[in-house]
Amino acid sequence: EPAPRLVRKLADDGIEVASAAAGFCHSVCVDRTGHVHAWGQGRFNQLGVGAKNTPAFTTEPTRVPALGRVRDLAAGGNFNVAVGADGSMISWGANGNGELGLGNSNDKRGDVPRLVHNPGAASFASASAGWRHAAATSSDGRLWTWGWSGSVGQHGVDADSTGGQLGLRNGQSDFWEPTLVEGLPGKAKAVSCG
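Residue numbers (full-length UniProt numbering): 1 to 194.
Don't read these hints as lab results, they were simulated from the structure. On a predicted model such as this, the values are computed, not experimentally measured, just so you know. Possibly wrong hints are sitting among the right ones.
Stated by the list, open to error - Below, simulated DSBU-like cross-link-like pairs (lysine-lysine); rule was C-alpha separation at most 35 Å, straight line: (1) K189 / K108; (2) K9 / K52; (3) K9 / K108; (4) K108 / K52; (5) K187 / K108.
Turn these sequences into a full structure, and let the hints guide you.
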């Protein structure tokens, strides 16, 4: 679309949007009450409605039914991450490189929202998502990353990692659960993935 357009279904239903995010072929938003709505392509279960109910695509925003209230939401390439009202991290969608943070390389898709493995964060404060990786800040100011380490350093861990974008310095290509990024000069207040 060459110009912004109103998402008519949300407006017609009287849903006030607090924030929105866009993935590769899907979009999500959080309404003022903390509920998540999703639309677009559902091929990788990024709509969060369950494998049996996932359409190939939909232009009509649908509330993600198995998800409670959230306070932050991010869309990655074909997945989403959200910070629950209780500080938990929740994810759903594609999981080919650990982007869901579930801790299991055999679980390739999350058709409904599931809790991300919490390796020791007090609680999560904010989330961000990139193509196949995610990052979050915890309430105590620490930074956590997971997913594909790629070839450009997005995890920030090691020059020897396949990409380093996770900041983790250990040469792994995929991180299947949130991993602490150490050595920051201060507390992390926000994070943004590209």
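**Request:** Just pull the numbers of the violated hints for me, sorted ascending.
**Result:** none
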